[in-house]
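Enquirer: Whenever a hint applies, use it, and build me the whole structure from the sequences.
There are 2 protein chains.
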Amino acid sequence: MKFATSPSEIERRSMEIIAPYLADYSLTAEELKVYSRIIHASGDVYYAPLIKISAGALEATKAALLDGRDIFVDVEMVRTGINKRALSKLGGAVHCRVADDEIKKIAVEEKITRSMAAMRSFGRALDGAIIAIGNAPTALFEVLRMIDEDGVRPAAVIGVPVGFVGAADSKKELASQSTVPFITVEGTKGGSPIAVAALNAILYIVNSARN
Amino acid sequence: MKFATSPSEIERRSMEIIAPYLADYSLTAEELKVYSRIIHASGDVYYAPLIKISAGALEATKAALLDGRDIFVDVEMVRTGINKRALSKLGGAVHCRVADDEIKKIAVEEKITRSMAAMRSFGRALDGAIIAIGNAPTALFEVLRMIDEDGVRPAAVIGVPVGFVGAADSKKELASQSTVPFITVEGTKGGSPIAVAALNAILYIVNSARN
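Chains A and B, in that order, are what the protein sequence lines are. Counted from 1, the first sequence has number 15 at position 15 by this note's numbering; the numbering is strictly sequential. Counted from 1, the second sequence has number 1102 at position 102 by this note's numbering; the numbering is strictly sequential.
Hints in this document: simulated from the structure, not taken from any laboratory. Ideal placement from N, C-alpha and C gives every residue a C-beta, glycine not left out. Heads up, a few of these hints could be off.
[Unchecked claim] Far from chain A, by Cβ distances over 10 Å, these chain B residues were calculated:
{"no.": "1", "residue": "D1024"}
{"no.": "2", "residue": "P1049"}
{"no.": "3", "residue": "P1181"}
[Claimed, not checked] No farther apart than 20 Å at their CA atoms in a straight line, the calculated lysine to aspartate or glutamate pairs in the EDC-like style are these:
{"no.": "4", "chain 1": "A", "residue 1": "K172", "chain 2": "A", "residue 2": "E186"}
{"no.": "5", "chain 1": "B", "residue 1": "K1033", "chain 2": "B", "residue 2": "E1011"}
{"no.": "6", "chain 1": "A", "residue 1": "K84", "chain 2": "B", "residue 2": "D1101"}
{"no.": "7", "chain 1": "A", "residue 1": "K104", "chain 2": "B", "residue 2": "E1030"}
{"no.": "8", "chain 1": "A", "residue 1": "K105", "chain 2": "A", "residue 2": "E76"}
{"no.": "9", "chain 1": "B", "residue 1": "K1111", "chain 2": "A", "residue 2": "E9"}
{"no.": "10", "chain 1": "B", "residue 1": "K1105", "chain 2": "B", "residue 2": "E1076"}
{"no.": "11", "chain 1": "A", "residue 1": "K84", "chain 2": "B", "residue 2": "E1030"}
{"no.": "12", "chain 1": "B", "residue 1": "K1062", "chain 2": "B", "residue 2": "D1127"}
{"no.": "13", "chain 1": "B", "residue 1": "K1111", "chain 2": "A", "residue 2": "D101"}
{"no.": "14", "chain 1": "B", "residue 1": "K1052", "chain 2": "B", "residue 2": "E1186"}
{"no.": "15", "chain 1": "A", "residue 1": "K62", "chain 2": "A", "residue 2": "E31"}
{"no.": "16", "chain 1": "B", "residue 1": "K1062", "chain 2": "B", "residue 2": "E1031"}
{"no.": "17", "chain 1": "B", "residue 1": "K1104", "chain 2": "A", "residue 2": "E11"}
{"no.": "18", "chain 1": "B", "residue 1": "K1084", "chain 2": "A", "residue 2": "D100"}
{"no.": "19", "chain 1": "A", "residue 1": "K111", "chain 2": "B", "residue 2": "E1011"}
{"no.": "20", "chain 1": "B", "residue 1": "K1111", "chain 2": "B", "residue 2": "D1100"}
{"no.": "21", "chain 1": "B", "residue 1": "K1105", "chain 2": "A", "residue 2": "E9"}
{"no.": "22", "chain 1": "B", "residue 1": "K1084", "chain 2": "A", "residue 2": "E76"}
{"no.": "23", "chain 1": "A", "residue 1": "K84", "chain 2": "B", "residue 2": "E1009"}
{"no.": "24", "chain 1": "A", "residue 1": "K105", "chain 2": "B", "residue 2": "E1009"}
{"no.": "25", "chain 1": "A", "residue 1": "K104", "chain 2": "A", "residue 2": "E76"}
{"no.": "26", "chain 1": "A", "residue 1": "K104", "chain 2": "B", "residue 2": "E1009"}
{"no.": "27", "chain 1": "B", "residue 1": "K1104", "chain 2": "A", "residue 2": "E9"}
{"no.": "28", "chain 1": "A", "residue 1": "K89", "chain 2": "A", "residue 2": "D67"}
{"no.": "29", "chain 1": "A", "residue 1": "K111", "chain 2": "A", "residue 2": "D101"}
{"no.": "30", "chain 1": "B", "residue 1": "K1052", "chain 2": "B", "residue 2": "E1030"}
{"no.": "31", "chain 1": "A", "residue 1": "K111", "chain 2": "B", "residue 2": "E1009"}
{"no.": "32", "chain 1": "B", "residue 1": "K1084", "chain 2": "A", "residue 2": "D101"}
Expert: See the structure below:
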């Protein structure tokens, strides 16, 4: 068998293959990087028409990263996928509480999901921070409630929960509010690699501008 | 807002929504669980026609799990997603070496991907074990080479690498060999959550049969 084995070569060829699928979209160079990386991570060019980046969302996320702000995530797979070395260069860290014993206890007592209990527990620590939700619609609904009712003000929300119960609705609600900048995808698709792809794309943009 | 917050209720409703999309496939009850969980994890019903489970693959994976065999994976996101509590009840553990310093060194020296170097380093430890590849086509190509040239005999390969460079080819090659039982999906789509979904579905089947 003959196949590409150099990581940089694989990435370059992948981006070349994806480019024509994005030719009809009017995207900035940075938006193009986010779109390309989402399609690269999913192997699914049909993500292109589903992606929504609110005006100023990339600027707000970049500014927060440059400011050393932390990232709060719903599930461990998102934490795992985020490039922590790139993030730590900027002074930021990733927080995930979904597996904490205290959170499990609260979730059982209140009959809510663990990721929802985890998001609620972060409280005002979310102010100025980046939120990345790759799995749980309930976590995104809770963040939207905290923005609306508690006045919490994250720098940006990358909200791409996945599935058939609540995911599409939670993302529609994220896209219909104008208080907090956001990145999302329409419909049932999404997931940890999509959240990770969007965030890492922005991390690379920020770090390569600094080098 | 009103939305489902009970994890068991969300899961039940999700599976109800997915069921009609699988009605036209002739699947065993266990295959149905694997298909449903992949669609649940991706939010993408168009996975259904892409999934391929070789004859005996579920039996082989179940037997290996029951025998306490380990799981070898290509990337940390797959390790993170596998239900380690369910696995450890059976005596198994997950191995991933993609982030090891030694592997990085070998990858740079040999100009190959780290996940390919990591798979190669496992050698005969793969005999009788389960392999789950969720990201890197090069890792799957290497496993196929080890099966073909080195006579390595894993119990089963769950091979669902993602992307536009090599992923479809590597999975086609997996599906065209008949030495090792496999689970895969056709084409460019795939990813860590797909590998995790297939494996956790089988873990739940095995553990619920034991309870």
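Enquirer: Failing hints, ascending?
Expert: Result: hints 7, 11, 13 and 23 break, sorted rising.
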